[in-house]
Amino acid sequence: MSKVNKPPLSLSRLIRYMSGKDDKIAVVVGTVTDDIRVYEVPALKVTALRFTETARARIEKAGGECLTFDQLALCAPLGQNTVLLRGPKNAREAVKHFGPAPGVPHSHTKPYVRSKGRKFERARGRRNSRGFRV
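Residue numbers for the sequence shown follow the UniProt record's numbering, beginning at 1 and rising by one.
One or more of the hints may lead you astray.
What the hints assert, rightly or not - List time: in silico BS3-like cross-link candidates among lysine-lysine, alpha-carbon distance up to 25 Å: (1) K96 with K3; (2) K6 with K89; (3) K96 with K119; (4) K21 with K6; (5) K110 with K3; (6) K6 with K119; (7) K110 with K89; (8) K24 with K6; (9) K61 with K24; (10) K110 with K96; (11) K24 with K89; (12) K89 with K21; (13) K89 with K3; (14) K6 with K116; (15) K61 with K21; (16) K96 with K116.
Calculated from the structure, these hints are not laboratory results.
Given only the sequences and the hints, what does the whole structure look like? Please build it.
Shown next as structure tokens:
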């Protein structure tokens with residue numbers, strides 16, 4: 001599966017999506033990453049392709065389990081009591097460049113620029129002080 005379809009999922013989102021689903025197994029086709037903004041991690045049963053070291057440590061310290069897809073196939077062969085989750089697909093930086101061409105009126109598409117200095121796509125239409133801004 002391509003990288004675009006395997007966005008990472010943070011621990012905070014995982015906790016939010018799994019609240020009230022104590023008996024179910026979270027299934028993430030991607031990486032589960034740690035989130036330092038979360039103080040208390042509940043006991044979660046999570047299956048993922050990868051875990052960051054700190055995310056795995058925090059889940060297991062809270063009394064949860066980090067499973068592989070092989071282990072999931074043994075404990076839930078038909079996928080019973082599982083919740084399939086995925087991270088935000090459109091959070092990639094590349095997505096900011098998609099849409100109507102930069103420079104078209106009311107387009108907020110990010111241009112591909114070779115440098116970010118004063119002389120590179122910073123004139124009329126990019127600053128309020130130069131007539132207008134798109």
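We went through each hint and held it up to the structure:
In summary, the hint linking K96 to K3 is supported, as the alpha carbons are separated by about 17 Å, within the 25 Å threshold. A threshold of 25 Å between alpha carbons decides the hint, and for K6 with K89 the separation of about 8 Å falls inside it, so the pair holds. At roughly 21 Å between alpha-carbon atoms, K96 and K119 fall within 25 Å of each other, so this suggested pair holds. Restraint check for K21 and K6: the C-alpha separation of about 23 Å stays at or below 25 Å, so the hint holds.
The suggested pairing of K110 with K3 holds, with an alpha-carbon distance near 22 Å, which does not exceed 25 Å. Our distance criterion of 25 Å between C-alpha atoms is broken by K6 and K119, whose separation comes to about 37 Å. At most 25 Å may separate the alpha-carbon atoms for a hinted pair to count; K110 and K89 meet this at roughly 18 Å. For the given pair, K24 sits about 21 Å from K6 by alpha-carbon distance, which is consistent with the 25 Å threshold.
Restraint check for K61 and K24: the C-alpha separation of about 19 Å stays at or below 25 Å, so the hint holds. Only pairs whose Cα atoms come within 25 Å are accepted, and K110 paired with K96 is accepted, the gap being roughly 6 Å. A C-alpha spacing of about 24 Å is found between K24 and K89, which places the hinted pair at or below 25 Å, so the restraint holds. For the given pair, K89 sits about 23 Å from K21 by alpha-carbon distance, which is consistent with the 25 Å threshold.
A threshold of 25 Å between alpha carbons decides the hint, and for K89 with K3 the separation of about 10 Å falls inside it, so the pair holds. Taking the CA atoms of K6 and K116, the gap is about 30 Å. The hint is violated against a cut of 25 Å. This hinted pair checks out: K61 and K21 have alpha carbons roughly 19 Å apart, not beyond 25 Å. Between K96 and K116 the CA atoms are separated by roughly 16 Å; this keeps the pair inside 25 Å, and the hint holds.
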